[in-house]
Structures are given as C-alpha cells and as structure tokens.
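Starting from the structure of chain W, add chain B where the hints point.
Keeping their order, the protein sequence lines are chains W and B.
Everything in the first sequence is counted per our numbering, starting at 1 for the first residue and increasing by one.
Everything in the second sequence is counted per our numbering, starting at 1 for the first residue and increasing by one.
Calculated from the structure, these hints are not laboratory results.
One or more of the hints may lead you astray.
[Unchecked claim] Example chain W residues on the side facing chain B (calculated, C-beta under 10 Å, incomplete): (1) Gly-44; (2) Phe-51; (3) Asp-55; (4) Asp-73; (5) Gly-132; (6) Arg-142; (7) Ala-146; (8) Phe-182; (9) Thr-246; (10) Gly-249; (11) Lys-264; (12) Val-268; (13) Leu-269.
[Claimed, not checked] No farther apart than 25 Å at their CA atoms in a straight line, the calculated lysine to any residue pairs in the SDA-like style are these: (14) Lys-152(W) - Thr-186(B); (15) Lys-407(B) - Lys-152(W); (16) Lys-110(B) - Ala-70(W).
Using N, Cα and C, we set each Cβ at its ideal position, and we do this for glycine too.
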Amino acid sequence: MSSEAAAAPPRPLAKRILGETPSAWVFVAPAAVIIVGLAIVPIGWSLVLSFRASDLLSPGHSVGFANYDALLDDPDLRSAVGHTLVFTGLFVPLSIVFGLLLAIALNRPIRLIGFYRTAILLPFIASTAVQGVLFSYIFDERFGVANAVLDKLGIARQGFLGDPDQALLVIVLIALWGGVGFSVIIYLAALQDVPRDLVDAARVDGAKRLGVLRHVVLPQLMPVTVFLVIWQTLLSLQLFDLVYATTRGGPLDSTVVVVYYVYKQAFVLFNAGYAAAVAYVVAAFLIALACLQILYRRLSARHA
Amino acid sequence: MASRARVLMTVVALAATALIAVSCGGDDDDGGSGGKAKLTFWHGQTEMWADCLATQIAEFNRTHKNIEVSSDTGGVVADRMLQKVTAGLQAGNYPDVAYVFGSDLANFAKSDKLVDLTDSDKIDIDAFYPAGRDAATVDGRVRAVPALIDNLAIVYNRKLFKEAGVDFPNDDWTWDDFRATAKQLTDDARGIVGTGWPGTGDEDTTWRIWPLVWQLGGDILSEDGDTVGFDGASGEGALSYVRDLSADGSVYIDTSAGSERMNQLFQSNKMAMIATGPWNLPDFVDAKVDYGVALLPAFQGEHTTIAGPDVWAIFDNGENRAKAAEEFVGWLTSAEQNLTCATQAGSLPTREDVTKLDGYQDYVNSLPGLTKFVDNLQNAQVRPTIAEYPQISQAMGKAIGLMLFQKAEPADALQDAVDKSNAALRVPGP
Numbered sequence: 001m002s003s004e005a006a007a008a009p010p011r012p013l014a015k016r017i018l019g020e021t022p023s024a025w026v027f028v029a030p031a032a033v034i035i036v037g038l039a040i041v042p043i044g045w046s047l048v049l050s051f052r053a054s055d056l057l058s059p060g061h062s063v064g065f066a067n068y069d070a071l072l073d074d075p076d077l078r079s080a081v082g083h084t085l086v087f088t089g090l091f092v093p094l095s096i097v098f099g100l101l102l103a104i105a106l107n108r109p110i111r112l113i114g115f116y117r118t119a120i121l122l123p124f125i126a127s128t129a130v131q132g133v134l135f136s137y138i139f140d141e142r143f144g145v146a147n148a149v150l151d152k153l154g155i156a157r158q159g160f161l162g163d164p165d166q167a168l169l170v171i172v173l174i175a176l177w178g179g180v181g182f183s184v185i186i187y188l189a190a191l192q193d194v195p196r197d198l199v200d201a202a203r204v205d206g207a208k209r210l211g212v213l214r215h216v217v218l219p220q221l222m223p224v225t226v227f228l229v230i231w232q233t234l235l236s237l238q239l240f241d242l243v244y245a246t247t248r249g250g251p252l253d254s255t256v257v258v259v260y261y262v263y264k265q266a267f268v269l270f271n272a273g274y275a276a277a278v279a280y281v282v283a284a285f286l287i288a289l290a291c292l293q294i295l296y297r298r299l300s301a302r303h304a
Numbered sequence: 001m002a003s004r005a006r007v008l009m010t011v012v013a014l015a016a017t018a019l020i021a022v023s024c025g026g027d028d029d030d031g032g033s034g035g036k037a038k039l040t041f042w043h044g045q046t047e048m049w050a051d052c053l054a055t056q057i058a059e060f061n062r063t064h065k066n067i068e069v070s071s072d073t074g075g076v077v078a079d080r081m082l083q084k085v086t087a088g089l090q091a092g093n094y095p096d097v098a099y100v101f102g103s104d105l106a107n108f109a110k111s112d113k114l115v116d117l118t119d120s121d122k123i124d125i126d127a128f129y130p131a132g133r134d135a136a137t138v139d140g141r142v143r144a145v146p147a148l149i150d151n152l153a154i155v156y157n158r159k160l161f162k163e164a165g166v167d168f169p170n171d172d173w174t175w176d177d178f179r180a181t182a183k184q185l186t187d188d189a190r191g192i193v194g195t196g197w198p199g200t201g202d203e204d205t206t207w208r209i210w211p212l213v214w215q216l217g218g219d220i221l222s223e224d225g226d227t228v229g230f231d232g233a234s235g236e237g238a239l240s241y242v243r244d245l246s247a248d249g250s251v252y253i254d255t256s257a258g259s260e261r262m263n264q265l266f267q268s269n270k271m272a273m274i275a276t277g278p279w280n281l282p283d284f285v286d287a288k289v290d291y292g293v294a295l296l297p298a299f300q301g302e303h304t305t306i307a308g309p310d311v312w313a314i315f316d317n318g319e320n321r322a323k324a325a326e327e328f329v330g331w332l333t334s335a336e337q338n339l340t341c342a343t344q345a346g347s348l349p350t351r352e353d354v355t356k357l358d359g360y361q362d363y364v365n366s367l368p369g370l371t372k373f374v375d376n377l378q379n380a381q382v383r384p385t386i387a388e389y390p391q392i393s394q395a396m397g398k399a400i401g402l403m404l405f406q407k408a409e410p411a412d413a414l415q416d417a418v419d420k421s422n423a424a425l426r427v428p429g430p
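Chain W on its own, in the form it takes in the complex (with noise of 0.2 Å):
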C-alpha cells in the first residue's frame, strides 16, 4: 500500500499520448486533417504511384525503377525541361529588374502614388486564367490588339500564341504582367526598411543618387533579393496554370512545360505512373532549392 503510494502517480494513458494539454489537439486537429488529407497521403501515394505502371483505372503493377529509366531518354520530356528552363531564365531575372524600378520608382512621395501602387499591384491578383484568357485574346493573331497596333507602327504582324518560336516568349510576358507585382511589394518593404541615416550619411560624404543607389541601398536589398529569386524561380518552374489556359501546350508542343507534360502524361495519355515519376525528379529538384535558401539564411545568420 505504502509502496505505492511512494511511487509518482503513473501518468494516465491519455496524457501520454495526447500531451500535457489534450485541448491543443482539438485546436490542431482541423489544420492537421486537412494538411494530413490533402497534401502528406497524396505524396505519399504519388511515390508509390511512380514505381507502378497505372492509368488510374485499372489496377496496374508494380515496375520498380522502369519509369524512372524510361525518363532519362524521353525526347519529350527534355524538350519540355529545355521550355521550363528558357522560361525560368527569362522570368526570373527580368521579374526581378522590373520589380525593383517599379519599386524604387513608388518609393517616393508623389501625387497619387496610392493609386499607382494599387495599379502594379492588381495584375498580381488577377487570377492566372482570367490573365491567359484576357491575353490570348490581346495576342491573338488575326484579331488581337497586339497586331492592330502593330498595324498602326507600320511594324509586320506577328504570329504572338499561334507561332511555335513566340509562343513561349508571349507566355513569358503574360507571366511577367502578373508576376512583377510581386517583386514590387518586396522591394517596396525592403525599401522602407533601408536605413534613412545610411542613406543621409552617404548623401553628406558627397555621394550621388546612383552612387547611394548602388553603395547603400542595393547591399540592404541583398537577403530579400536572394528571396524573390528562390521563390520566383519555385514559381517559374511549377508553370502550369498559364500555359493550360493560353495554349495548352502547342502550337507543335512548343509551350509544353514540365509540369504542363506531367499532367498531359497522367491525364491525357493515362500513364500516371510516369507522370508521377516525372512529377518526383521536379519535386527533388523544387526540394533542393528551397534547402539552398534556407542554407543562405543560416550563413548570413552567422556572418550578421
């Protein structure tokens, strides 16, 4: 009896399960279902999915590593790495540039600067295939706006989403229109953020304004430039939306993204588990550039 009583008090099996605060899982619970449902079961089934051969309909088997053999010698799918590349490599550094003119140009007290804010902001809110629809409307080759006003300069009509070799370029700019608002905002914080006596003391030591520019305010914009072109490039290379609603990967494939393949893949052509397999290699690629940045935080973390 005494024994026992001498003994602390076994922990009830709910406690040690649930933790010193059981409530919190109520709390947790709805964000964990959902995150739990959508987004952790369905990865989980898309790797075992790309070991298979399946269309989603039949049953299917198990390959082993076949799709992933199979996709290093897909003509195909190259060509669409090669299209998210370009895209990538245009998007990022040009989004960026923009985004930070923009900025420094809205960073200062002017008339109406709460409109003109507002203005480069709302394409960023626009949906993306409200965007395609307004654009392939604009860029379409026979009625659009684009060539009318082309017409008007006196400059040759151009082919714009119906040309295989602009096609991509266009899509570039639709994504460009959308996406500089972004940076903008960004830019705009960071901007906010730039000390006014670093500037002032520039200023004193006889500094010009693309000398303050370049010597104290682009250095401060350093962590926050790194972001945007991690995440832009995340973006860049998870194109789908756009690409689906202007051109649905053609005219002859020449807009057909990684992405934009995997769902053609699964969806269209009913190999699911390539597609997953696909889907896999870009997620290892999306995993190793989200670590890069975490890995630049950590060392400027140690050199501040």
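Leaving out everything else, chain B in the frame of chain W:
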C-alpha cells in the same frame, strides 16, 4: 485582447471541424433499400442544352418517386470530363452518370466501376443507330449508352459567299474545290479567312483528318488491329492536303485552348467555311449568321465523314444506385426524351424510332441545315473504341500541327506518327 483572440480561434477551429464533418459525412447516402436513391449526374453541358436537361431532370424526379437525380452538375464541362472523372474514380468520389466522349470510353472501360450494360433490362442498345452502338461497345460489351450522335460537315457563311461572288458548295464538290473556294474567300484586308483548323495538337486537331484518310482508302487501324492503317498513301495524301491548304494562307490555325476561337470567328462573319457538327447550329442561329450546310468534300465520289458519338456512362456506387442510374439513363435516352432536347443540343436523333414521332418534322425544321446532317449520318464512320486511341491521336495531332505550320514534309511527319502509334499498339494491355 488575448482572450478575444482565443475566442476567435475557438470559433475558427469549431467552424473548421464543422466543415469537415459536413464535407465528409454529407453524401455517403447510397440509398439503402427502400430509401430514395440519390443520383449525381455530371452532364457536362452548358447553356441551352443544360437548361433543357434541367427541365428533364425535374420531370424525371416528378415521375419517379423513388429516385432523385441531383440538379448539381459538379461544375464539370464536357471538355474536362475525362480528367474530373478519372480523378474522381481515384478518390472514390465519382458521379453515377457522366457524359463521356466516345474516344475516351475504352479507357474508362478498364475500370470495374464502369457498369457493364450488356444484360441490362433498362437499356435496349439495339434501338440505337449503328454509329452510336459501336461507340458504346468496348470489346463486345455494352459499356455505355449513346448520348449524342453527330458528324462533321461544312457549314458556310452565305453572306460572305455572296459578297465574294462565289457559288455555294454543292453535294458533288471535291477537296480541290474546297481548297480553291477557301483561297477565293480569304480576304486579308477585310480580316476574312477561308476556313480554320484547330492547332493545339489534341483530339480536336486529329479527328478532322480521319475522313480524308478514309476517303483515300486508309483506316485508323489495320484489318488485324495490330498496327495502324493510315501508313502509306492515305496518310500521306491527307497530310499533304492539309499542308497545301495551309500554305495557301486560307486557314486560320486556332491555337486557343478548346478551339473556341474558330467558332467565334465564324459567328462574327470573319470565317467563310468551318468543318463542324450540328451542335454548333444553335449558336450560329443565336448569332444570326446566314449559313448553309454542305457535305464534306470528296477525293473521288465518296463523301465519307466522321461521327463522334458521345455516351452516357454509368458508374457503380452500390447496386441500388447503379440500378436507379440505369433506369434514369434508359428514360433519358428514350425516343421521346431524345427529341425533347434535340433542338437545344443541336443533336441528331440517336435512334430510328425518333424519326417516327409526331414532333420530328418540327425539330428538323427548327434549325436550318439540320436535314443535311441527318442525311450525312449515312456517310459517317466512327473511331475504334480502343484504349490506345489517345496515343494515336496524340501522334497524328503532332503530324497535323507540323503540316499546318509547314514545319515538315508529309512523309516524314507521317512516318513519325505511324511509328509512335504502332509502338503504343504493341504495348500489351493490363
């Protein structure tokens, strides 16, 4: 402040829990025996046909006390049905009845969730026209019910023909005539183009070439079905024709998603001729286009065209619901109901007995040019219902795209398409 935040969080958490409870427990009613069977019906239609279907659903629910067909269409349009239903089957949450393109049925038939209707007492498949029957049959089993039978013909803009002083097409015209007419009617200065062809390279690009292939003596599959039947002269001739047509500058290559632009051009009197089916006629009437309908041109004599029958597919959500779905589809595809929405859908009769109904003449007269499409059914062939068809379509779509943009020689593009298709046909089925 803190307590207010906590209250807010509790409310949010409770709301989220409630949401989950509702969404998970909402409609797992599989209509236990004796109860009312509730059916989900993804008809995939928009505008006029959708409105007409809504009245049919209401009528069915009124006359069938033990079945309730939901008027919620799942927000799916026919174009995306394949993806939505595939994803739904994977997730275990799929409709009881869905509108499926004939060319997709063979792949759905691989799923054991697609109800086999061969022995159904509610569906009399023999009542339907052969084109619809073939499209609903996979490997000799009836796996769906014909929903709509259509075919391709040339719809032309009479106003533009008159303005250009060109004679209307007659029923003896050839592909050479078509090409010459398209060229004559193209007027870049006024923004008028002779004709159009979808250029995204998907099935909408591909299916329009099969009539040319058939007319030239080829087929989609060879006799034994092990290889394609469009290698050699028929495929090359068809591709060459597309290339020549495009080289004239009289083709609008529609690269928009879903090939909607072509129809819009035709409706705004900017395109002289469009190869399309009866489903477009209600839109053309709506847009007040003065149009006429001509058979597809021929190479020599035969005006062979393609019928693209679409079907109602029934998916198994438990026996009770499947039986109810059969009853609903049986009712929906009966001769009387077939005629009810035919005008709004711009659809042709799916079965012979429709033509004997009292309202049939009114229906034929309701849309100018409809009789031409009805007559054209005799010239129509269908695509094979095989699971490899999407791969063949993809390969051929690419070849046609190369012709439209004049980026390859017909023989090379064809060889590539034939090789890819044959490779797909060699892969053993599951």
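Checked hints:
no. : hint                    : result
1   : Gly-44                  : violated (14 Å)
2   : Phe-51                  : violated (16 Å)
3   : Asp-55                  : holds (6 Å)
4   : Asp-73                  : violated (14 Å)
5   : Gly-132                 : holds (8 Å)
6   : Arg-142                 : holds (6 Å)
7   : Ala-146                 : violated (15 Å)
8   : Phe-182                 : violated (25 Å)
9   : Thr-246                 : holds (7 Å)
10  : Gly-249                 : holds (7 Å)
11  : Lys-264                 : holds (8 Å)
12  : Val-268                 : holds (6 Å)
13  : Leu-269                 : holds (5 Å)
14  : Lys-152(W) - Thr-186(B) : holds (22 Å)
15  : Lys-407(B) - Lys-152(W) : violated (30 Å)
16  : Lys-110(B) - Ala-70(W)  : holds (24 Å)
The structure fails to meet hints 1, 2, 4, 7, 8, 15 from the earlier list, while all remaining hints are met.
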